[in-house]
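**Student:** We have chain A; now place chain B onto it with these hints.
Protein sequence lines correspond, in order, to chains A and B. Under the numbering used here, think of the first position of the first sequence as 1, with each following residue one higher. Under the numbering used here, think of the first position of the second sequence as 348, with each following residue one higher.
Treat the hints with care, since some could be wrong.
To be verified - Simulated crosslink set (SDA-like; lysine to any residue; CA at most 25 Å straight-line):
| id | chain 1 | residue 1 | chain 2 | residue 2 |
| --- | --- | --- | --- | --- |
| 1 | B | Lys367 | B | Gly583 |
| 2 | B | Lys547 | B | Gln653 |
| 3 | B | Lys503 | B | Leu649 |
| 4 | A | Lys153 | B | Gln414 |
| 5 | B | Lys557 | A | Gly268 |
| 6 | B | Lys500 | A | Thr288 |
| 7 | B | Lys359 | B | Gly423 |
| 8 | A | Lys118 | A | Leu104 |
| 9 | A | Lys237 | B | Val605 |
| 10 | B | Lys500 | A | Leu286 |
| 11 | A | Lys153 | B | Tyr496 |
| 12 | A | Lys155 | B | His639 |
| 13 | A | Lys86 | A | Ser28 |
Unchecked claim - Negatives, chain A to chain B, calculated, CB over 10 Å:
| id | residue |
| --- | --- |
| 14 | Cys33 |
| 15 | Glu66 |
| 16 | Pro75 |
| 17 | Leu104 |
| 18 | Glu109 |
| 19 | Asn115 |
| 20 | Gly181 |
| 21 | Arg281 |
| 22 | His292 |
| 23 | Glu296 |
Claimed, not checked - These stretches of chain A come out as covered by chain B in the derived footprint (C-beta under 8 Å, 3 or more residues):
| id | segment |
| --- | --- |
| 24 | 246-257 |
| 25 | 262-275 |
In short, the hints are calculated from the structure, not lab data. Where a beta carbon is used, it is the ideal one built from N, C-alpha and C, also for glycine.
Protein chains: 2
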Amino acid sequence: MEEVKNTRVMFKDYIQGYPKVSDMVVTSDTTICLEIPDNIVDQILTKNLYLSCDPYMRGRMNRTLEQIYTTSFIPGRVMSGYGVVKVIETTHPDFKKGDLIWGLTNWEEYSLITNPTKSLIKIQDTNVPLSYYTGILGMPGMTAYAGFYEICKPKKGDKVFVSAASGAVGQIVGQLAKLFGCYVVGSAGSNEKVDLLKNKIGFDEAFNYKEEPDLDAALKRYFPDSIDIYFENVGGKMLDAVLYNMSVHGRIAVCGMVSQYNLNPYDGIQNLIYLILKCIRMEGFLVTDYYHLYPEFLATMLPLIQQGKITYVEDTVEGIENAPAALVGLFSGKNVGKQVVLIARDN
Amino acid sequence: MEEVKNTRVMFKDYIQGYPKVSDMVVTSDTTICLEIPDNIVDQILTKNLYLSCDPYMRGRMNRTLEQIYTTSFIPGRVMSGYGVVKVIETTHPDFKKGDLIWGLTNWEEYSLITNPTKSLIKIQDTNVPLSYYTGILGMPGMTAYAGFYEICKPKKGDKVFVSAASGAVGQIVGQLAKLFGCYVVGSAGSNEKVDLLKNKIGFDEAFNYKEEPDLDAALKRYFPDSIDIYFENVGGKMLDAVLYNMSVHGRIAVCGMVSQYNLNPYDGIQNLIYLILKCIRMEGFLVTDYYHLYPEFLATMLPLIQQGKITYVEDTVEGIENAPAALVGLFSGKNVGKQVVLIARDN
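Pulled out of the complex, with its shape left as it was, chain A reads as follows (with noise of 0.2 Å):
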């Protein structure tokens, strides 16, 4: 039976504070072996093609989470989270060598993988980049169409908002709320971020947070007459001077808040009275809780993406060896789009 190299990213212990590249360890001291053995049924053996580096993936660092629909990394264990893979071996009866799928795996080159159709999900169109499946048409991809259609439940002309405007959720929301109708302003970290919001992305306006000493008079600059949606990816100050800001009726959809996951205490948010005086809904969702809609979102989002009316910017590094970088990098805002690692091409 043939053995090869297996290089994984092993998670060394919980952390506090910001993720270093080193409370992880690259290691190629494993091999696998490239066949599974008969006696072994319903499992795949995956080549991992493309990894995703997501946010929420900072919470299963932390030794207790509270997230309902995953865990924490073990200390000493290979990492795990969404990515694109080549089923080489199979005796699972619904994959075939070859298959194309994307969901949960290993940070790792190879996989095997029990129980996969809990967790993977069979590529169907393959004309379109194999990685967006870990973006657009993927986890990121799921967030923002469920967030937007059924938490932000859009009216056309809706004055929109969107933080962390350029990231894997983020582009997608505001480029959904452009088609539907709305004017759309998003905020970001770099300069070089806020032009790829308004030369590529399309959105109508976007400003570089850090370069706004006051909040609140950089969304009044935007939206004069308030902000009917926010699309919530931030948390802390932001929140609070949207909320400061927010239309009567108006709705945020609470998707993430990645300036609070390194932080113990939590930022405090003052203008929650703001709720009460403006019959404001804010929501938070997991996007777990929408996965049945993902042939409706499919069928809305390839064509789109075809006839070139919606686009996706991604930050890929190449090598596993990048992987725990590269996730690291999320937290400063070092990704200009989505983060991916490529692991290997498709071949």
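**Tutor:** Chain B in isolation, oriented as in the chain A frame:
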């Protein structure tokens, strides 16, 4: 034409921090003519029977007010609020002498009201204490009803927590929730109120938040399996503790934040990240959006009251000269039950 003394409560000037009795002036300097001149059309002259003291009135003592359904008091002018009044003269075709009505009136013995159809509702059923139309059958009752059914969207068996539970709104929410088949716990600020909640109003459990050094521990004692619905009347530290103890898919109806109205800046709330982790909907509302439900509300509440299935605790002071102290008392929790000021009996 008969002129009578008309004692009034005047608003002195905009305030910051906690209101004081001295922020208002009771004056008997003015008289009012108890007839309406023939050439003045569409007015009513009312004898004010009950005035209602409500926490939202604190906001009207600020120079700037962002509440969408009311305005700030005007310095040097008479105060206003909800009340129960009797028509003693009328030139409006929709009202006749002797009509009992509830709604917005002035803080004075007699009021001349223009545009009465905009702000006053005729009382059809007088088989209940008239003061109830400032409480369980008026604005607070409608608030409880809309907040519980429309915002909380309860399910039988839900575990419900109500803060300021013996107040004008809280005691109704708790009883509606019990009748709906929920487990209901309330918090209040004295042992007398806790006793009322448990032994008269029918909450399953209640606790005195002032005697709980650890609100998280208190909530875990009564909700070992988490809170499905929180009816928010207080804000601040209690909200933070509740967020940490909510169920997945929990709902928070944000009705009031009485602990915050006199603070500047407001307390910071640190646990909003649980909105995401637990997929919580947190929704502010104002009763003014729900008055179209008033007929349905009355049809529900009147039989419940008349059959003794729901009770209502009022804290009544007599005499308009005592209205300022009654209003001020709301913000230290001096009132036990709904705070009403009796101005005159219906005779």
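**Student:** For each hint, tell me whether it holds in the structure or not.
**Tutor:** Cross-check of the supplied hints:
For a cut-off of 25 Å, the pair hint linking B:Lys367 to B:Gly583 stands: about 22 Å separates their Cα positions. About 16 Å separates the Cα atoms of B:Lys547 and B:Gln653, which keeps this hinted pair within 25 Å; it holds. At roughly 23 Å between alpha-carbon atoms, B:Lys503 and B:Leu649 fall within 25 Å of each other, so this suggested pair holds. The straight-line distance between the Cα atoms of A:Lys153 and B:Gln414 is roughly 24 Å, inside the 25 Å bound, and the hint therefore holds.
For the given pair, B:Lys557 sits about 22 Å from A:Gly268 by alpha-carbon distance, which is consistent with the 25 Å threshold. Taken as a hint, the B:Lys500 and A:Thr288 pair is honoured in the structure, with Cα atoms around 22 Å apart against an allowance of 25 Å. About 5 Å separates the Cα atoms of B:Lys359 and B:Gly423, which keeps this hinted pair within 25 Å; it holds. Between A:Lys118 and A:Leu104 the alpha-carbon distance is near 9 Å, which keeps this suggested pair within the 25 Å criterion.
This hinted pair checks out: A:Lys237 and B:Val605 have alpha carbons roughly 23 Å apart, not beyond 25 Å. Straight-line distance between C-alpha atoms of B:Lys500 and A:Leu286 comes to about 20 Å, which keeps the hinted pair within the 25 Å bound. This hinted pair checks out: A:Lys153 and B:Tyr496 have alpha carbons roughly 21 Å apart, not beyond 25 Å. Restraint check: the Cα-Cα separation between A:Lys155 and B:His639 comes to about 23 Å, which is no more than 25 Å; the hinted pair holds.
Taking the CA atoms of A:Lys86 and A:Ser28, the gap is near 21 Å; set against the 25 Å cutoff, the hint holds. Distance to chain B confirms A:Cys33 as a non-interface residue, since its nearest Cβ pair spans about 39 Å, more than 10 Å. Residue placement check: A:Glu66 does not keep its beta carbon more than 10 Å from all beta carbons of chain B (closest about 5 Å). Non-interface call for A:Pro75 relative to chain B: holds, since the shortest CB-CB distance, roughly 22 Å, exceeds 10 Å.
Annotated as non-interface, A:Leu104 keeps its C-beta farther than 10 Å from every C-beta of chain B; the closest such distance is 19 Å. The non-interface label for A:Glu109 is consistent with chain B: the shortest C-beta to C-beta separation is roughly 32 Å, beyond 10 Å. No Cβ of chain B comes within 10 Å of the Cβ of A:Asn115; the nearest lies about 23 Å off, and the non-interface call holds. Residue placement check: A:Gly181 keeps its beta carbon more than 10 Å from all beta carbons of chain B (closest about 25 Å).
Non-interface status of A:Arg281 relative to chain B is broken: a Cβ of that chain comes within 10 Å, the nearest being about 4 Å off. The beta carbon of A:His292 sits about 15 Å from the closest Cβ of chain B, which is more than 10 Å, so the claim that it is off the interface holds. Distance to chain B confirms A:Glu296 as a non-interface residue, since its nearest Cβ pair spans about 20 Å, more than 10 Å. Check on the segment 246-257 of chain A: 5 of its residues sit with their Cβ under 8 Å from a Cβ of chain B, so the three-residue criterion for coverage holds.
For the segment 262-275 of chain A, the stated coverage by chain B is satisfied: 11 residues place a CB nearer than 8 Å to a CB of that chain, which reaches the threshold of 3.
Against the hints set out earlier in the document, violations occur for numbers 15, 21.
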